[in-house]
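Given only the sequences and the hints, what does the whole structure look like? Please build it.
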Amino acid sequence: MNLTLKVWRQKNADTKGKFVTYQADHVSPDMSFLEMLDVVNEDLTKKGDDPIHFDHDCREGICGSCSLHINGRPHGPKQGITTCQLHMRSFNDKDTIVIEPWRAEAFPVIKDLAVDRSAFDRIQTAGGFISVNTGGVPDANAIAIPKVVADEAFNSATCIGCGACVAACKNASAMLFVSAKVSQLALLPQGQPERYRRVQAMVAQMDAEGFGSCTNTGACEAECPKEISITNIARMNRDYFTAKLIKQEE
Amino acid sequence: MKLDAKIPEGPLAEKWSKHKFNLKLVNPANKRKYTVIVVGTGLAGASAAASLAALGYNVKAFCYQDSPRRAHSIAAQGGINAAKNYQNDGDSVYRLFYDTIKGGDYRAREANVYRLAEVSVNIIDQCVAQGVPFAREYGGLLDNRSFGGSQVSRTFYARGQTGQQLLLGAYSALNRQINLGKVKMFTRHEMMDVVTVEGEAKGIVTRDLVSGQIETHAAHAVLLCTGGYGNVFYLSTNAMGCNVTAAWKAHKRGAFFANPCFTQIHPTCIPVTGDHQSKLTLMSESLRNDGRVWAPMTAEIAQKLRNGELQASDLKEEDRDYFLERKYPAFGNLVPRDVASRNAKEIVDEGRGVGSSGIAVYLDFAEAIGRLGEDAVRARYGNLFDMYQQITDENPYKQPMRIYPAVHYTMGGLWVDYNLQTTVKGLYCLGEANFSDHGANRLGASALMQGLADGYFVIPYTLGDYLATIGPSPVDTKNPAFEEAKKNVVDRVNQLLALKGTKTVTEYHRELGHIMWEYCGMARTEEGLIKAKAMIRELRADFWENARVSGSANEFNQSLENAGRVADFLELGELMIDDALNRKESCGGHFRLESQTEEGEALRDDNHYAYAAAWEYQGDNQPEVLHKEELIFENVKLSQRSYK
Chain A
1 MNLTLKVWRQ KNADTKGKFV TYQADHVSPD MSFLEMLDVV NEDLTKKGDD
51 PIHFDHDCRE GICGSCSLHI NGRPHGPKQG ITTCQLHMRS FNDKDTIVIE
101 PWRAEAFPVI KDLAVDRSAF DRIQTAGGFI SVNTGGVPDA NAIAIPKVVA
151 DEAFNSATCI GCGACVAACK NASAMLFVSA KVSQLALLPQ GQPERYRRVQ
201 AMVAQMDAEG FGSCTNTGAC EAECPKEISI TNIARMNRDY FTAKLIKQEE
Chain B
1 MKLDAKIPEG PLAEKWSKHK FNLKLVNPAN KRKYTVIVVG TGLAGASAAA
51 SLAALGYNVK AFCYQDSPRR AHSIAAQGGI NAAKNYQNDG DSVYRLFYDT
101 IKGGDYRARE ANVYRLAEVS VNIIDQCVAQ GVPFAREYGG LLDNRSFGGS
151 QVSRTFYARG QTGQQLLLGA YSALNRQINL GKVKMFTRHE MMDVVTVEGE
201 AKGIVTRDLV SGQIETHAAH AVLLCTGGYG NVFYLSTNAM GCNVTAAWKA
251 HKRGAFFANP CFTQIHPTCI PVTGDHQSKL TLMSESLRND GRVWAPMTAE
301 IAQKLRNGEL QASDLKEEDR DYFLERKYPA FGNLVPRDVA SRNAKEIVDE
351 GRGVGSSGIA VYLDFAEAIG RLGEDAVRAR YGNLFDMYQQ ITDENPYKQP
401 MRIYPAVHYT MGGLWVDYNL QTTVKGLYCL GEANFSDHGA NRLGASALMQ
451 GLADGYFVIP YTLGDYLATI GPSPVDTKNP AFEEAKKNVV DRVNQLLALK
501 GTKTVTEYHR ELGHIMWEYC GMARTEEGLI KAKAMIRELR ADFWENARVS
551 GSANEFNQSL ENAGRVADFL ELGELMIDDA LNRKESCGGH FRLESQTEEG
601 EALRDDNHYA YAAAWEYQGD NQPEVLHKEE LIFENVKLSQ RSYK
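Chains as they are written, first to last, in my numbering: chain A, 1 to 250; chain B, 1 to 644.
Because the hints were derived from the structure by calculation, they are not lab data.
Positions of the beta carbon are idealized from the N, C-alpha and C atoms, including for glycine.
Watch out, some of these pointers could steer you wrong.
Calculated lysine-lysine pairs in the DSSO-like style (CA-CA distance at most 30 angstroms, straight line) [as the list claims (entries may be wrong)]:
#: 1; chain 1: B; residue 1: LYS252; chain 2: B; residue 2: LYS486
#: 2; chain 1: B; residue 1: LYS503; chain 2: A; residue 2: LYS46
#: 3; chain 1: A; residue 1: LYS6; chain 2: B; residue 2: LYS500
#: 4; chain 1: B; residue 1: LYS2; chain 2: B; residue 2: LYS184
#: 5; chain 1: A; residue 1: LYS46; chain 2: B; residue 2: LYS500
#: 6; chain 1: B; residue 1: LYS503; chain 2: A; residue 2: LYS6
#: 7; chain 1: B; residue 1: LYS2; chain 2: B; residue 2: LYS327
#: 8; chain 1: A; residue 1: LYS11; chain 2: B; residue 2: LYS487
#: 9; chain 1: B; residue 1: LYS500; chain 2: A; residue 2: LYS11
#: 10; chain 1: B; residue 1: LYS628; chain 2: B; residue 2: LYS584
#: 11; chain 1: B; residue 1: LYS6; chain 2: B; residue 2: LYS24
#: 12; chain 1: B; residue 1: LYS252; chain 2: B; residue 2: LYS184
#: 13; chain 1: B; residue 1: LYS345; chain 2: B; residue 2: LYS644
#: 14; chain 1: B; residue 1: LYS503; chain 2: A; residue 2: LYS94
Beyond 12 angstroms from chain A on every Cβ pair, some chain B residues (computed) [stated by the list, open to error]:
#: 15; residue: ALA13
#: 16; residue: LYS18
#: 17; residue: LEU25
#: 18; residue: ALA29
#: 19; residue: ASN58
#: 20; residue: THR298
#: 21; residue: ALA299
#: 22; residue: ALA330
#: 23; residue: GLY332
#: 24; residue: VAL475
#: 25; residue: GLU507
#: 26; residue: ASN582
#: 27; residue: GLU594
#: 28; residue: GLU598
#: 29; residue: ARG641
This is the structure:
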């Protein structure tokens, strides 16, 4: 396959970026999208140009490092996978592919396609935990948790923190991400003591980071590579209102 | 220097309890006067940082990823072992200890392995308390499965994403301590060197990967939790960024490197498709519970399959060789990882491999689908089948999967004593980065167990002993050793950036990988290893002449990052070869063709090689010096592993 790439290049956070066009020839349909970029980068390096920078690590869809807005969609055209799992057979010969970084005020560009997602870490730091020290905890089977509850908590816990939900949202809202973590812990008995304190702390941090509001368009759910449901957002809103109305002191 | 493993006296089952009592404690009011550096935030690093901070120490934690949650522990699929005996099927601490020692082909320390089994039960309690959503039964209690050929069901799991859930648990504990101000987190920072003052580790040098700034950090102790070095093979199931740099720099500062040649090659990975391949994807070991491994009976048939003249489904039963079932009737497709991998390689070497490259064997579910129905197979393995189809564009419900072994884990690592201290005082090593618990072969679902055991339940005790000994006087980076180490790092960066040759760093890495895979992979010979050593030396020299590194020092520069890591792999590769040459026996994942039984199985030589080989660095391009830690087995009887 021969492809034309229009790639966002930006030297650093302080300089203006622009699209640069590259030709990617002899692309094998068996390559992953990132391997295709690797090959382009090898050519750029040999020509003495700076290779295209992008975040990536595990390349098996679980670490959440890779991002990329591909032809206007986070993680590209296919449902339920990350960019690193996308293969070139999903494209056609002579296609033009537009590649951009996540676009959100709370995710400033570091260089080219790599953005700073540390806002997500700060939200988790604000309250995304159960306050237990190491040791001194009860036996793991001391609390029985109904299988359906455990499974539902697991579904929320599969979030990989990639930020596609923010990139997909016209408001750059982080509600799906935050609500997934809030839900996981709110569903489980271990998470009850800090349930209302947690949701308030995490929402406050989310707002402080400059993410937009949720207007229920559902774009986040549609583009989430782990197909996390917006039911989580409803659950978080319910807990947040409860907290603000009657449980503020908890 | 004589290696002292500091194994406590007394009966096996009492060693750890007695040792914990004998270790010195740090006064609660003094803990806040200490600073500890933790490098790496996978299971070992995140759990250590969180636990030490919870005790009251000040922790500085570092990771090269943009978030601690992305460390490669996240990708572990299968599960975590623990001797809970919740299933009433005869498990015990002793059985887990015994299985681990035997599985490691008797090349691990008894005392360490026993402690690992002992604390395994606490890990599960800890994770559940953090909100880790393990799989449960309808009654609400935890579910277990049997894993990796184990005869008891002791593996706890969270679908196929156990590593992710455990790491998110440790990450949440870490976040809590960041929130409390006890941990200062440095993301996108790479450790470039260890700083030693009068032979003791007192800090590190880091590079801020965004600004390029070289920084120094002082502490009372340094913990390396930086994972394995499987990427020396270029292609592996490791993440792209996994590297040996931190451990290697520590090695050059005096930490011995033990058993570097012990690497685990996992039998069920998706085969390579071409030179563009950047990494390999593991398919969970659980597939071998129902899938049957086979290859065509003859090379002629294999050739026709490769050409597309025949399809796998066209082959009659008599043209198929279910080679694991044939050779190992007792264990069949469930033989340990090293045995399954080696047999697949033999098939390919005989010209009986399949797929367009000829470097694969089949893993076939036709029989299971016939027996259980497609829906039942989908319920068990649906996500894995989807992943396979996503990558290969082939439907495994209709045609057999193609699989081939790939590098997955490294049992070797920095030598540590019973306290997890390296041969450099104040420098500790945890998790996959150390050599301590898995001997020559790791059992499935034991990596997660070891990482968390070290971080949650070992280091919080053993580190205190050292800290109490050195006292809480303040530390800073004023000692000239910091400036000197920093200058070395700056020089190294400039040296790399000065490389303006014609070959990319990736090309060197790929070549190194080819050499390691060919000569120091699943089968090793003296002749091949000698040849490989010369090839690596030549490649390394060529790298420093003709490699090309882009960009500049004071910016986000992935080309530079990669160059530094590959330069270290080019040195480590040679040490692995030396270690493999020295060990003239076969054991676990280390298979020397010269040392096999009549049936072609790994043949140990306990009289000459029942030791851990710990290598001491002597300077660039100098042969390293071998130190032996004799392994003393007081509780288990050494026997030949047999899976017939």
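Here is what the structure says about each hint:
1. LYS252(B) with LYS486(B): Holds: LYS252(B) and LYS486(B) sit about 15 angstroms apart, inside 30 angstroms.
2. LYS503(B) with LYS46(A): Measuring from Cα to Cα gives roughly 7 angstroms; hence the hint holds.
3. LYS6(A) with LYS500(B): The hint holds at about 27 angstroms.
4. LYS2(B) with LYS184(B): This hinted pair is violated, its Cα atoms lying about 37 angstroms apart.
5. LYS46(A) with LYS500(B): Holds. LYS46(A) to LYS500(B) sits at ~9 angstroms (cutoff 30 angstroms).
6. LYS503(B) with LYS6(A): Holds. LYS503(B) to LYS6(A) sits at ~26 angstroms (cutoff 30 angstroms).
7. LYS2(B) with LYS327(B): The given pair, whose Cα atoms are some 44 angstroms apart, is violated under the 30 angstroms limit.
8. LYS11(A) with LYS487(B): holds, 27 angstroms
9. LYS500(B) with LYS11(A): At roughly 21 angstroms apart (the allowed maximum being 30 angstroms), LYS11(A) and LYS500(B) satisfy the hint.
10. LYS628(B) with LYS584(B): Satisfied, since the Cα-Cα distance of roughly 15 angstroms is no more than 30 angstroms.
11. LYS6(B) with LYS24(B): holds, 15 angstroms
12. LYS252(B) with LYS184(B): Holds, at about 27 angstroms.
13. LYS345(B) with LYS644(B): Status holds; Cα separation ~19 angstroms.
14. LYS503(B) with LYS94(A): holds, 29 angstroms
15. ALA13: Holds, since 20 angstroms exceeds 12 angstroms.
16. LYS18: holds, 19 angstroms
17. LEU25: For LEU25(B), whose nearest Cβ neighbour in chain A is about 15 angstroms away, the distance exceeds 12 angstroms, so it holds.
18. ALA29: holds, 18 angstroms
19. ASN58: holds, 16 angstroms
20. THR298: At roughly 28 angstroms from the nearest Cβ of chain A, THR298(B) sits farther out than 12 angstroms, so the non-interface label holds.
21. ALA299: Given a closest Cβ separation of 25 angstroms, the condition holds.
22. ALA330: holds, 33 angstroms
23. GLY332: holds, 28 angstroms
24. VAL475: holds, 25 angstroms
25. GLU507: violated, 8 angstroms
26. ASN582: holds, 34 angstroms
27. GLU594: GLU594(B) clear of chain A: closest Cβ-Cβ about 37 angstroms, beyond 12 angstroms.
28. GLU598: Per Cβ check, GLU598(B) is outside 12 angstroms of chain A; nearest 40 angstroms; holds.
29. ARG641: ARG641(B) clear of chain A: closest Cβ-Cβ about 31 angstroms, beyond 12 angstroms.
The structure fails to meet hints 4, 7 and 25 from the earlier list, while all remaining hints are met.
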